[in-house]
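**Q** Same order as they appear, the protein sequences are chains A and B. Mapping the first sequence onto my numbering, position 103 (from 1) lands on 105, and the numbers just tick up by one. Mapping the second sequence onto my numbering, position 104 (from 1) lands on 106, and the numbers just tick up by one.
Be aware that one or more of the hints could be misleading.
Derived contacts from chain B toward chain A, CB cut-off under 8 Å, selection only [claimed, not checked]:
#, residue
1, A109
2, A120
3, C123
4, L124
5, M134
6, A138
7, A139
8, M142
9, R145
10, A149
11, V150
12, S154
13, L156
Hints were generated in silico from the structure; no laboratory data involved. Beta carbons: idealized from backbone N, C-alpha and C, even for Gly.
2 protein chains.
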Amino acid sequence: MPHTTFDPHDHSACIQQALQAAQAHCAEHKLQFTKIRRRVLEILLAQHHAMGAYDILEQLAAEGQNAQPPVAYRALDFLVSNGFAHKIQQLNAYIACTHPGAEHTPAFLICRTCKGVAETCLATGNHPPAGMFGGAARDMGFRIETAVIEASGLCPACQQQDIPCA
Amino acid sequence: MPHTTFDPHDHSACIQQALQAAQAHCAEHKLQFTKIRRRVLEILLAQHHAMGAYDILEQLAAEGQNAQPPVAYRALDFLVSNGFAHKIQQLNAYIACTHPGAEHTPAFLICRTCKGVAETCLATGNHPPAGMFGGAARDMGFRIETAVIEASGLCPACQQQDIPCA
DNA sequence: CTTGATATGTTATATCATAACGTTTAATTA
DNA sequence: TAATTAAACGTTATGATATAACATATCAAG
Numbered sequence: 003m004p005h006t007t008f009d010p011h012d013h014s015a016c017i018q019q020a021l022q023a024a025q026a027h028c029a030e031h032k033l034q035f036t037k038i039r040r041r042v043l044e045i046l047l048a049q050h051h052a053m054g055a056y057d058i059l060e061q062l063a064a065e066g067q068n069a070q071p072p073v074a075y076r077a078l079d080f081l082v083s084n085g086f087a088h089k090i091q092q093l094n095a096y097i098a099c100t101h102p103g104a105e106h107t108p109a110f111l112i113c114r115t116c117k118g119v120a121e122t123c124l125a126t127g128n129h130p131p132a133g134m135f136g137g138a139a140r141d142m143g144f145r146i147e148t149a150v151i152e153a154s155g156l157c158p159a160c161q162q163q164d165i166p167c168a
Numbered sequence: 003m004p005h006t007t008f009d010p011h012d013h014s015a016c017i018q019q020a021l022q023a024a025q026a027h028c029a030e031h032k033l034q035f036t037k038i039r040r041r042v043l044e045i046l047l048a049q050h051h052a053m054g055a056y057d058i059l060e061q062l063a064a065e066g067q068n069a070q071p072p073v074a075y076r077a078l079d080f081l082v083s084n085g086f087a088h089k090i091q092q093l094n095a096y097i098a099c100t101h102p103g104a105e106h107t108p109a110f111l112i113c114r115t116c117k118g119v120a121e122t123c124l125a126t127g128n129h130p131p132a133g134m135f136g137g138a139a140r141d142m143g144f145r146i147e148t149a150v151i152e153a154s155g156l157c158p159a160c161q162q163q164d165i166p167c168a
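Let the sequences and hints guide you as you build the complete structure.
**A** Written out as structure tokens, the structure reads:
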């Protein structure tokens, strides 16, 4: 039984695992897992919701660290570049990666009501260069390098409340 | 042989067809296809590239119509709501729909070099509520309503130049 | 321990988007 | 067709997201 955003799970273990994975990856690749990079990752990990850069700055400010926008964006760039976090394009917001370590094209399920975000694995054969575009890309000779895949809808809990689509 | 962004094709026919489809759809659904909405769609149709709202305003200004941002955003909202245009989330930019009329979840192929954007059909079984997420969504009880699917890479023409990935 | 590379602090500004309100145009109906 | 209501537009102001540029500090390699 996997634990995801929309299942109850041991969240502090979830956080610890992600931090350790990041630390290990940085050690192995000679990347500097600096204080602020670590702190921003911790802030993202605290909840399974996407956060804007300015939300992170606010959180830092609440902790006494009055940082300017580039501080947040630089930390986020580092985390995203190295696969520790992802940007949710349709929200202009960021979320900690829940598949640390593995090379992957992330795909997200975003609840429009509670704003929870789950990162999922794609079906076999749907990894971007392969299926998914049904050969349409291959047929026209397009070479896919990266993909943004973000689904929105209702998580199990929010479906109980039958909120109409808009 | 379908014509797409990355194939040579009769582009003025392409434009005419889209405009007529929009006009017909508006007539049928009692929507007002006003001058400015039509003009914005024409601007989007002129090229198979995504354009920012401010690019559109610039184009309008060049034509003597000195409009403010809400003018562009309102027209874009109308076009997107009614399926005549789409927003490319990863570019914060807009593009005319090339599958007018049909209900669809658009998927895009974006060339990182020439900035061309093609709208494609997904493989059968990949329409969002169905496959693609490999049952992951179903398994966790998530109800998908909409999806953002945007692939980036190199179009056939730009592959000739072997531009490295970043 | 010096040198070069990387990271951080800070100011300023660019880019994308919307709220709010008054005016105009279009659609509805008495 | 005139009165009434709804929709669209023009305009000002501002909010939200993101980056350029440069000075300072810290780290890492020779």
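**Q** Could you run down the list of hints and mark each one as holding or not?
**A** Hint check:
1. With a cut of 8 Å, the hint placing A109/B at the interface with chain A holds, because the nearest CB-to-CB distance is about 7 Å.
2. The interface hint given for A120/B is met, as the beta carbon of that residue sits about 7 Å from the closest beta carbon of chain A, less than 8 Å.
3. With 8 Å as the threshold, the beta carbon of C123/B comes within range of chain A, its nearest partner Cβ sitting at about 6 Å, so the hint holds.
4. With a least beta-carbon distance of about 6 Å to chain A, the hint placing L124/B at the interface is held under the 8 Å criterion.
5. The beta carbon of M134/B is positioned within 8 Å of a beta carbon in chain A (closest approach about 6 Å), and the interface hint is therefore held.
6. Against a cut-off of 8 Å between C-beta atoms, the interface hint on A138/B holds, since the closest Cβ of chain A lies about 4 Å away.
7. Restraint check, A139/B versus chain A: the minimum CB separation of about 6 Å is within 8 Å; hint holds.
8. The interface hint given for M142/B holds, since its Cβ lies 6 Å from the closest Cβ of chain A, which is under the 8 Å cut-off.
9. For the restraint placing R145/B at the interface with chain A, the shortest Cβ-Cβ distance is roughly 5 Å, inside the 8 Å limit, so the hint holds.
10. Satisfaction of the interface hint for A149/B is found here, the shortest Cβ-Cβ separation to chain A being roughly 4 Å, below the 8 Å cut-off.
11. At its closest, the beta carbon of V150/B sits 4 Å from a beta carbon of chain A; the interface hint therefore holds under the 8 Å criterion.
12. Evaluation of the S154/B hint against chain A yields a held restraint, the C-beta minimum of about 5 Å falling below 8 Å.
13. Because the smallest distance between the Cβ of L156/B and any Cβ of chain A comes to about 5 Å, under 8 Å, the interface hint for this residue holds.
When the structure is compared with the earlier hints, no violation turns up for any of them.
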